[in-house]
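**Student:** Next come the chains, spelled out residue by residue.
There are 2 protein chains.
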Amino acid sequence: MEQYFVKNVISGNSFAIDDPETFKHVAKVMRHKNGDVVYLVDTNEKLYAATITKIDVDNSQILTAVELVDSPSTEMPVAVTVACSLSKKDKIEWITQKSTELGATTIVFFDSKYSIMKWKKNVVEKKLARLQEIAKNAAQQSKRRIIPEVIYVDNLQDLLKYKAEANLVAYEESAKQGEISRLVQTLDETPKSVLCAFGPEGGFAPDEIDFLNQADFLSVGLGPRIMRAETAPMYFLSVLSYKYELTVK
Amino acid sequence: MEQYFVKNVISGNSFAIDDPETFKHVAKVMRHKNGDVVYLVDTNEKLYAATITKIDVDNSQILTAVELVDSPSTEMPVAVTVACSLSKKDKIEWITQKSTELGATTIVFFDSKYSIMKWKKNVVEKKLARLQEIAKNAAQQSKRRIIPEVIYVDNLQDLLKYKAEANLVAYEESAKQGEISRLVQTLDETPKSVLCAFGPEGGFAPDEIDFLNQADFLSVGLGPRIMRAETAPMYFLSVLSYKYELTVK
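So the sequence lines, in the order shown, correspond to chains L and C.
Numbering of the first sequence is given in the working numbering, commencing with residue 719 and proceeding in unit increments.
Numbering of the second sequence is given in the working numbering, commencing with residue 719 and proceeding in unit increments.
Just chain L, with the same shape it has in the complex (with noise of 0.2 Å):
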């Protein structure tokens, strides 16, 4: 059944959905029928189940009635943030729907120095709102009950702006080195929130590897298999939610 996110907060036994894409989505697309159930979340991250009560065709508005759904929240235990370097439209696009799927909080594009794309200042806001539903689309999907925030900043100072309680960049050189052991280090640590920078394809320049070192971030070797740039924060992610959603202590 569909999941929809609401923007407000749910409260009491009916709930009409107004938002003009929603309405759409349910009346038109999927062309649902009174009785019909489908799910809200709100800005509570509380899940709803939403039996169709009406749907006002004038008033562009769907009225239910719902009722409170006490299923355990599918989001991590620990806010995770990647920090992807930029790239073609389609990894990029890729990247936000899959970082979804598995579970990342806050999605930020950087600008560094061997990204082979800028975007120019004008069509930043275009393009964060393309990704921006993207996440939306792929959160309603996956059951979520939050979006997750997608950020573009342009150099990775900026980033330093999104820095969790334990900071690391994956550093394929570190793994050339043999270092395997700092991530599961770090997860054992269990802090509250976790990000990780991800170069681009051609890797991050030594000098930003030591601007991110010095602000704190651990470089980390995530495997000996060379990795896409696209592939290494899903393999993150990945390990974050066995780590802390299937390892039970």
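Hints are computed from structural coordinates only; laboratory data are not their basis.
Everything numeric in this text was worked out from a predicted model, so none of it was measured.
A hint or two may mislead.
Claimed, not checked - Quick partial rundown of chain C residues pointing at chain L, CB under 10 Å, derived from the structure: (1) Gly821; (2) Thr824; (3) Val826; (4) Met945.
Virtual Cβ for every residue (Gly too), placed ideally from N, Cα, C.
Use these hints to put chain C onto chain L, whose structure you have.
**Tutor:** Frame of chain L; chain C shown alone:
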């Protein structure tokens, strides 16, 4: 520096690259000259640094002086098979590429009830050849020591031929019921080989799950979020790498 697979055992101090495709790539695409070094992996999974001594255009071969590189293997310590339900061309190509980067030993595509695709008998060979080529290129790029084998079976019964020591099936219903510990338990037992089967977007049919369970495939949940069909195998492979390559006892 690029890596190429050769179809021979390298012995002694010299080696002639005569595979037409590799010759073309080294000599024409990359335009290497005498003195340049490329990496070669032979059929014994050994890595060699090969210094070009002569590019023999007349005989389409490249003579090299080879030296064994004594670096640890980039292969997973367990043999991992991902078995994925058949899907659209771009998705299975993507699964093949990413599974290779993430260390799969064998990639099986199979037909299941809710698969949206079925390969006709007369296209299987051609489609597998294309996927095998994708696997080779991804293996070279990610610096693997083997090329994963890509296999197609047109029914679940035939999937049993590829069973490993531990056999799993990723099952959404297991995840919904809060099953979180079986993957961890299975990996803790350190099997020599693991296979995990992944259903199509529509999931496995209940009788398919029964069939697999009776064939000793353990149903496992992969966390609380619903992943797309192509995302789940990536999660699985990433977790295996974390468990067996990064987590030192």
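**Student:** Next item in the hint list is methionine 945 (chain C). Is there a CB on chain L closer than 10 Å to its CB?
**Tutor:** Holds: closest Cβ of chain L sits about 5 Å from methionine 945 (chain C), inside 10 Å.
**Student:** Taking the closest Cβ pair, is valine 826 (chain C) under 10 Å from chain L?
**Tutor:** violated (20 Å)
**Student:** Hint glycine 821 (chain C) vs chain L: min CB-CB distance below 10 Å?
**Tutor:** holds (6 Å)
**Student:** Report holds or violated for the interface hint on threonine 824 (chain C), using the least CB-CB distance to chain L and a cut-off of 10 Å.
**Tutor:** violated (16 Å)
Of the numbered hints given earlier, the model fails hints 2 and 3; all others are met.
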